[in-house]
Structures are given as structure tokens and as C-alpha cells.
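Trainee: Here are the chains, one letter per residue:
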Amino acid sequence: AQTVTQSQPEMSVQEAETVTLSCTYDTSESDYYLFWYKQPPSRQMILVIRQEAYKQQNATENRFSVNFQKAAKSFSLKISDSQLGDAAMYFCASTGGGGADGLTFGKGTHLIIQP
Amino acid sequence: KAGVTQTPRYLIKTRGQQVTLSCSPISGHRSVSWYQQTPGQGLQFLFEYFSETQRNKGNFPGRFSGRQFSNSRSEMNVSTLELGDSALYLCASRKDIANEKLFFGSGTQLSVL
Numbered sequence: 090a091q092t093v094t095q096s097q098p099e100m101s102v103q104e105a106e107t108v109t110l111s112c113t114y115d116t117s118e119s120d121y122y123l124f125w126y127k128q129p130p131s132r133q134m135i136l137v138i139r140q141e142a143y144k145q146q147n148a149t150e151n152r153f154s155v156n157f158q159k160a161a162k163s164f165s166l167k168i169s170d171s172q173l174g175d176a177a178m179y180f181c182a183s184t185g186g187g188g189a190d191g192l193t194f195g196k197g198t199h200l201i202i203q204p
Numbered sequence: 139k140a141g142v143t144q145t146p147r148y149l150i151k152t153r154g155q156q157v158t159l160s161c162s163p164i165s166g167h168r169s170v171s172w173y174q175q176t177p178g179q180g181l182q183f184l185f186e187y188f189s190e191t192q193r194n195k196g197n198f199p200g201r202f203s204g205r206q207f208s209n210s211r212s213e214m215n216v217s218t219l220e221l222g223d224s225a226l227y228l229c230a231s232r233k234d235i236a237n238e239k240l241f242f243g244s245g246t247q248l249s250v251l
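For the protein sequence lines, the chains are A and B, in the order given.
Our numbering applies: residue 90 is where the first sequence begins, and numbers increase by one.
Our numbering applies: residue 139 is where the second sequence begins, and numbers increase by one.
No lab work stands behind these hints, which were simulated from the structure alone.
A quick note: this is a predicted structure, and the numbers were derived from the prediction, not measured.
For every residue, glycine included, the Cβ atom is placed at its ideal position computed from N, Cα and C.
Some hints could be false.
[What the hints assert, rightly or not] Which residues of chain B face chain A? A few of them, derived with a C-beta cut under 7 Å, are:
1) S171
2) G180
3) F183
4) N194
5) E238
6) L248
7) S249
[Said to hold, decoys possible] Chain A regions said to be covered by chain B (calculated; three or more residues, Cβ under 8 Å):
8) 125 to 137
9) 193 to 201
With the sequences and hints as input, model every part of the structure.
Mentor: As C-alpha cells, this is what we get:
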């Protein structure tokens, strides 16, 4: 069974600063994907960034980037130049090859942006 | 392009009743998945439908069931509701099972009294 662990229930960062959210996972799959989703108060889960496990290069999407350490099974999210609109719950998730068993989510990290 | 649409947004039921939730995927998406979100258990996978067939199911009792129609719209049914079924139910769609990118709706908040 896959597990995803987010050890930071809550993080706070000043606007315009950089923050890193941690995530570790455990899977027996050789082919899998890792995701970071954002859930604002509207409740809709929004995909922030995606990483394919077989790719060595860390994924980036504008101000969002990941640090993927496959051997350590670590997948952290770095948000640069934090903005007020980044305030939300952030969930780390993984899936096996083909997504046969759906996504496995971590418990989430509540990100607070201080103006 | 319209996103994933879930109806209703809020629902209040009493124990023992049954409930049906609806999800319309993004146009052209053939796969629909359902997730349950609670403060205690977090987000848990319920099941996925693709081309009207259930592809896989999470660890939930048989009271939780679903179906998918020929237009890819999906319904989820929970029978004999229990207090513990109170949750946010999220639906997600993707183009096909080879595509890992899921698009979520805003969910249906179910309260069981």
C-alpha cells in the first residue's frame, strides 16, 4: 500500500518570501507520479505541479518548483515570491502506474501568508 | 470549457436514508473518480469509472456505489447513511486512463444528522 506523509500541519510565510512544504512517500511501484494540489476555501482541488518518477529533472511551474529525491522518497514543494492568493491547504499525492488505485493523499499543510 | 460540475453543493440527510450525488466531467473526459474528504481520515479514494465501467474501488463498504452514463456523467450513491458518512465528496475527471492529470470539482458537502 502507498502512504504519503506531510509532517507540517501548518506553515506561515511573509508575503514575497519563499516557503518549502515537505512530503515523503512510500510506494512499491516502479512507475508512479507525484503531485501537489492546492485546496483554497472554495474547496476545489487545483493541481499545482506534477512530477513523473522516472524523470530526473525537477518539475517547475512559474513560482512553484519541487525537490524530488527519489532514493529518499521525498517530494517537497517550494513556493517563491509568496502571494496572498497562495494561502490554502496543500496536499501531496502519489499514484501508481496507470493510476489503478486512485491517488493517495497526505493529510495536508495549511499555508498562511502574512501580509 | 466548463470545469467539473458537482451537484448539489450541500446536502443534509438523516441516518438510515440514502443519497445520490451527481458529477458532470469536463467535456471530452471519459474517466470520473470519486473521493471522500473528512477531517479525521483526510482524502480517500472511493472508485473510478471509465467508459461506464467501474475500474477500481477503494476500501469502502458496499453501501457506497456508483455508476457512469454514456455521456460520462457519474452518480455516486450511499445507502443506509451513517453519521460517519458526513464528508466532502469530491469528483475528479481525466481525459482517459493513460492521462494522470485529474481535474476536480468543488465537491458536495454531505451532513448526516
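Trainee: Are the hints correct? Go through all of them and say.
Mentor: Now the hints, each set against the structure:
1. S171: Hint on S171(B): holds, closest Cβ of chain A at ~6 Å, below 7 Å.
2. G180: 5 Å, holds
3. F183: 3 Å, holds
4. N194: Hint holds; N194(B) Cβ to chain A Cβ min 5 Å, cut 7 Å.
5. E238: Where the cut-off is 7 Å and the nearest Cβ of chain A is about 5 Å from E238(B), the hint holds.
6. L248: 13 Å, violated
7. S249: 14 Å, violated
8. 125 to 137: With 7 residues closer than 8 Å to chain B, the stretch 125 to 137 of chain A meets the three-residue bar; holds.
9. 193 to 201: With 5 residues closer than 8 Å to chain B, the stretch 193 to 201 of chain A meets the three-residue bar; holds.
Of the numbered hints stated above, those contradicted by the structure are hints 6 and 7, listed in ascending order.
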